[in-house]
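One-letter residues, chain by chain:
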Amino acid sequence: MLEILKNPQFDFLSKARYFIGASIVIILAGLAFMLSQHIYLGSNAKGYGVEFSGGTQLIVKFTSQPQVDRVRTAVNAVDSNAVIQIFGKPTDNSVLIRLAGTDAGAAPAPAASPAPAGEAGDTSQLNQGAMAVRQALDARYSENRVAEVSAEVVGPVVGAELRRKAIMLTLFGLVFQLIYIGIRFKGAIWGAAATIAVFHDVLVTLAFLAFFHYEITLNVIAALLTLVGYSVNDTIVIFDRARENLRLKRKEPLRQILNESLNQTLTRTLISNGVTFLSVLGLFLFGGEVLRGFGFTMVVGIIVGTYSTIYIASPIVIWWQERHPSPTGTRAASSTAKAAL
Amino acid sequence: MPPALQNPFVLWLVLSAALAAAAWFGIRQELRWRAILYGAFLIACGVAIWPPYDRGEEPGKIHLGLDLRGGIYMVLQVKTDDALNVTVDDAVAAAREQATAKGINFASARRVNSTSFVVEGVEPARVKDMEDLLHDFARGWEVTREGENKFVVAMPANMAKDLRQKTVEQAKRTLEQRVNQLGVAEPVIALAGNHDDKIQVQLPGVKDVNQARRVLQQTAQLMLKMVEGEPATSQEELLQRTGGRLPETMEIVQGQGDTPGQGVYYLVRREAIITGRDLKTTRVGVNNNTNEPAVSFTLTPPGAERFRRETGRSVGKRLAIILDKRVTSAPVIHEQISGEGQISGNFTTATADELAKVLRAGALPATLDILQELSVGASLGRDSVRAGVVASAAAMAFITIFMLVYYRFSGVNAVVALAANLLILLGAMAYGGATLTLPGIAGVILTVGVGVDTNVLVFERIREELRAGKTVKAAVNNGFERVWITILDTHATALIAAAFLYAFGTGPIRGFAVTLVMGLIANVFASYFVSKFLFEWVLGGGGSNTPPAQFSI
Chain S
873 MLEILKNPQF DFLSKARYFI GASIVIILAG LAFMLSQHIY LGSNAKGYGV EFSGGTQLIV
933 KFTSQPQVDR VRTAVNAVDS NAVIQIFGKP TDNSVLIRLA GTDAGAAPAP AASPAPAGEA
993 GDTSQLNQGA MAVRQALDAR YSENRVAEVS AEVVGPVVGA ELRRKAIMLT LFGLVFQLIY
1053 IGIRFKGAIW GAAATIAVFH DVLVTLAFLA FFHYEITLNV IAALLTLVGY SVNDTIVIFD
1113 RARENLRLKR KEPLRQILNE SLNQTLTRTL ISNGVTFLSV LGLFLFGGEV LRGFGFTMVV
1173 GIIVGTYSTI YIASPIVIWW QERHPSPTGT RAASSTAKAA L
Chain Y
8 MPPALQNPFV LWLVLSAALA AAAWFGIRQE LRWRAILYGA FLIACGVAIW PPYDRGEEPG
68 KIHLGLDLRG GIYMVLQVKT DDALNVTVDD AVAAAREQAT AKGINFASAR RVNSTSFVVE
128 GVEPARVKDM EDLLHDFARG WEVTREGENK FVVAMPANMA KDLRQKTVEQ AKRTLEQRVN
188 QLGVAEPVIA LAGNHDDKIQ VQLPGVKDVN QARRVLQQTA QLMLKMVEGE PATSQEELLQ
248 RTGGRLPETM EIVQGQGDTP GQGVYYLVRR EAIITGRDLK TTRVGVNNNT NEPAVSFTLT
308 PPGAERFRRE TGRSVGKRLA IILDKRVTSA PVIHEQISGE GQISGNFTTA TADELAKVLR
368 AGALPATLDI LQELSVGASL GRDSVRAGVV ASAAAMAFIT IFMLVYYRFS GVNAVVALAA
428 NLLILLGAMA YGGATLTLPG IAGVILTVGV GVDTNVLVFE RIREELRAGK TVKAAVNNGF
488 ERVWITILDT HATALIAAAF LYAFGTGPIR GFAVTLVMGL IANVFASYFV SKFLFEWVLG
548 GGGSNTPPAQ FSI
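Protein chains in written order, with the numbering used here: chain S, 873 to 1213; chain Y, 8 to 560.
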C-alpha cells in the first residue's frame, strides 16, 4: 500500500512550549496591529463589510472595460470618500463602489410626525446614494454604458444589530461545543482545552485577515464558525484516540499516550486536512470574487486548526493532568470510553 | 412539495429519520436486500433532483438563491406608530363630534402621542358629563382627570400591542397582494426581527429596484375630500381666510409635486368622502381633457351612494383627490357623479399602471422604511454559479484522483460514497425546496471535505488493523466499529456549529447552514453505512478469507 508516513514516531509535545510562544506572539501582534490600524477593534473600527458597518456597496458592470479614473471622477461628484476598485477579473468589466455610512446624508425627519424614539436617522433616504451614483455614471461616463448594477444598502441600525448577533452566536456556539465535549469525555479539561484551541484559531485567523486587509463580511463570519467546527472536529479525533489508548494502556503516562495518539492519527490528519485544505484553496482561487474572503479564512483556518490540536489543545490537557494527578482523571476517561463503546 | 418540509428543521429531522431507518434496517439484512434498500433510496434522490437546472420549459429542481439567480431582497420596518396615530386621531374626531352633539363646550381636543389624547378646557359645569362621555365611548381606554377640567385618554398597552401586531400583519398581506400584481415567481414575504415588526421581502428575478421599491413602499392611501374655496399659493393665505386659526374640522394639504414654500395649497375638510377601501376596480385610462394617462376607478355600491349624495350637494365646488397626503388633482364638480372617477396627475402609462395595481392591492396601514436592501444582477449571479461549479468540480476531481491513487480499489469505494453523499444532499434540498445560495455551494464543498475525512478515518484504521496482523474481514469490521464514536462526536459538534449558523440566519448564511447540516447528516449514511456495505459486498459477505496482501487499500 501507498503510505505517506511509515509508522511515525515524532515527539510532538516536547517542543510544545516554543509553538505556544509563537502562537502568543502572533495573536499579540495581530491585536496590536488591529488596535493601531483601527481594524475590527474599538469604536468606529474599519474593516467591516457593508452588512455590518452600514452603508452602500455597488457592483457596477459596464458594457466594456471601464477606466477606473473615469468612474472615480464621476462618483466623486456624489461622495468624494467613495472607495472604488476593480471587481473580479478585468474581463468582468465590473467595478466595486463603496459609499460611506448613510448618516452623512440623513435628511431631516418630516416635521409632521413626532420623532419615534430609538430609531437612528430617517431610513427612507437609505437608497439615495445608490441612485445618485447611477445617475452620475450615466451622466458623466455615458460612452461606457452601465449594463447591470448589483447593490447592497444597509441601514446603520441593522449593521450594529448584526455585529452584536455575530459575536453572541460565535460565543454561544463555542460554549455549547465545550459542554458537549465536556459531557462526552467526562472531564471539563478536555472541553476546555478544545475550546481554548478554538479561541486561539479564531484569534490567529483574525490576525491574518487583518494583516491581509480582508473585510469581515457575513461570509467571513460563516467561515469562522465553520472553522470552529473543523478545529473542534480535529481535536476530537485525537482526543478520542487518546481516550481509547487510555483504556488499553493504563500504566503509561498521559504525555506518552497523547503523543502516541497524535502519531497514530497523523496520516489521517495530513490526508483529511490536506484534502480539505486543497478544496478550500480551490474555492479561494476559483470561487469568484464574492467567496474570496470565505476561501481565505478557511485556508488559514484549516492550517491553524490542525496546528492548534497538536500544539495547543494537547499540551493544555497534559499540563492540567500533571498538576492535578488525581487518579480519577484517567480512570474517568477510560470508563467513559467503555460506556460509550 | 409538502409545505411542512419548507421548515429546515423539519426537513433535517425527516432526513435524519429516513437515513437512520435505512441504516438501521439495512445493517440487519442480507447484502442483497441492503443493496436494494440503499439503491432505491439513492434512486429516489436522483429522481427528486432531475432536472437540476432549468431545461427549456421545465424549471430546475434545485432552487437557486437570489445571489445566484439575481433579484431583490429587502428588509422593511413597519412604522406601527402611524397606525396608532390614525386610531387616536379617529378617536379625537369622534370625541369632538359627540361632545358637540351633546352641547358640551371645551377648549381643545388633540392627540399627544401615538397612544393618547387630551381634552382641555372643558366648561366647569359639564366636566362630569364629559367624563361619562369619554368613559362610554372609549371603552377600555384609560381616562384620567388632570386638574380641574382636563382629561387624558390613553390606549392601554395591550391594545397598542395588538394594534401594532395587526398593522404588521396587514402590511404583510398588502405587500403579498402587491407582489402578486407584479407577477413575480416564487416571492418570499415573511415577518422578521426580534419583535416581528419587520418584513423581509425576496423578489427573485426582479431587475428594476426602483420600481420594486415604489411598489412596496408606496402607502397608496387614497382620499377624496371636499375643498373649501379656491386653492392658494401659500398656507398663510388660507389661514387668513379662516381668521388666522385652522378650524379643527379642516386641514391644509399641499399639491402634488410642488416644493414647499411655493406651490398650491388646498383647504379641505378633514373627513374623507371616499377612501381607498371604497374602490371596487382600478385600471389605466386616459384623461379626456389632456389625453394623458390616468387611473380610472369604480366604487363599491355603498361608496358610490355616498359619492353621489356628496357630489350632488356640492356642485360648483372642488373635489381634492389626495394620494399619500398630496393633492394630485382637484377638479371642479360640474354635476352629480355616481359610481366612477379618475385620478389624473403627472403620470406616464407605466406609473399609472403601477398606481392602478397598488391601489387595487390596497393601502398600507403604515409607512415602511427600508432597513436593508440587496439587489443582485442576473449576470453577477451567473458568474457566481460558474465560479462555484468550477471550484466544486476542481475539488471533486482532485479528491477522486487522490483517493484512487492512494487507496487504489478502496478509493473507488470512497468516491462512490462521496457521490452518494452529494446525491442525498441535493435530493433532500430539491425535495424540501431548500434554496442553494453561493455560501451554500461552499457548504457543499465542505461537505465533500467532511466526507473524505470520514473515509480516511475508516481506511487508516483498517490499515492499522491489518498491520497489527488481523484478517481482512476482522480489520474491516474493527476499523468501522472503532471509528463510529469518533464520527458521531465530530458530526455532533459540527452540527452544533451549523445550527448556530442557521439561527444567525440572514439569507445567504442560512443557505450555508442548511446545506452543511444536510451534508453532515447525509455523510454519516453515505461514508459510513454505504461504504461499509461496499466493503462487505466486495469481500463477499459470508465467510470468505481474502489474504491481506490481495486487499486493495
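Just so you know, these hints were derived from the structure itself, not from any lab. Hints may be right or wrong, so weigh each one.
Below 16 Å or equal to it, Euclidean Cα-Cα: the simulated EDC-like pairs (lysine to aspartate or glutamate) are [unchecked claim]:
1. Y:Lys179 with Y:Asp204
2. Y:Lys157 with Y:Glu127
3. S:Lys878 with Y:Glu472
4. S:Lys933 with S:Asp1010
5. S:Lys933 with Y:Asp390
6. Y:Lys168 with Y:Glu153
7. Y:Lys205 with S:Glu1033
8. Y:Lys287 with Y:Glu347
9. S:Lys918 with S:Glu1194
10. Y:Lys324 with Y:Glu237
11. S:Lys878 with Y:Glu471
12. Y:Lys214 with S:Glu1020
13. Y:Lys109 with Y:Glu155
14. Y:Lys157 with Y:Glu176
15. S:Lys961 with Y:Glu138
16. Y:Lys157 with Y:Glu130
17. S:Lys933 with S:Asp964
18. Y:Lys109 with Y:Asp139
Do the hints match the structure? See the list:
1. Y:Lys179 with Y:Asp204: holds, 10 Å
2. Y:Lys157 with Y:Glu127: Holds, because 4 Å separates the two Cα atoms, which is no more than 16 Å.
3. S:Lys878 with Y:Glu472: holds, 14 Å
4. S:Lys933 with S:Asp1010: OK: S:Lys933 and S:Asp1010 at ~13 Å, within 16 Å.
5. S:Lys933 with Y:Asp390: Holds - the C-alpha atoms of Y:Asp390 and S:Lys933 are around 12 Å apart, at most 16 Å.
6. Y:Lys168 with Y:Glu153: It is violated: about 25 Å lies between the C-alpha atoms, which goes past 16 Å.
7. Y:Lys205 with S:Glu1033: Judged against 16 Å, a Cα distance of about 14 Å means the pair holds.
8. Y:Lys287 with Y:Glu347: holds, 9 Å
9. S:Lys918 with S:Glu1194: Between S:Lys918 and S:Glu1194 the Cα gap is close to 44 Å, so the pair fails against 16 Å, i.e. violated.
10. Y:Lys324 with Y:Glu237: holds, 9 Å
11. S:Lys878 with Y:Glu471: Holds, at roughly 11 Å.
12. Y:Lys214 with S:Glu1020: Holds, at about 9 Å.
13. Y:Lys109 with Y:Glu155: violated, 20 Å
14. Y:Lys157 with Y:Glu176: violated, 36 Å
15. S:Lys961 with Y:Glu138: violated, 75 Å
16. Y:Lys157 with Y:Glu130: Holds, at roughly 10 Å.
17. S:Lys933 with S:Asp964: Within the cut-off at roughly 7 Å; holds.
18. Y:Lys109 with Y:Asp139: holds, 12 Å
The structure is inconsistent with the numbered hints 6, 9, 13, 14 and 15, although it conforms to all the rest.
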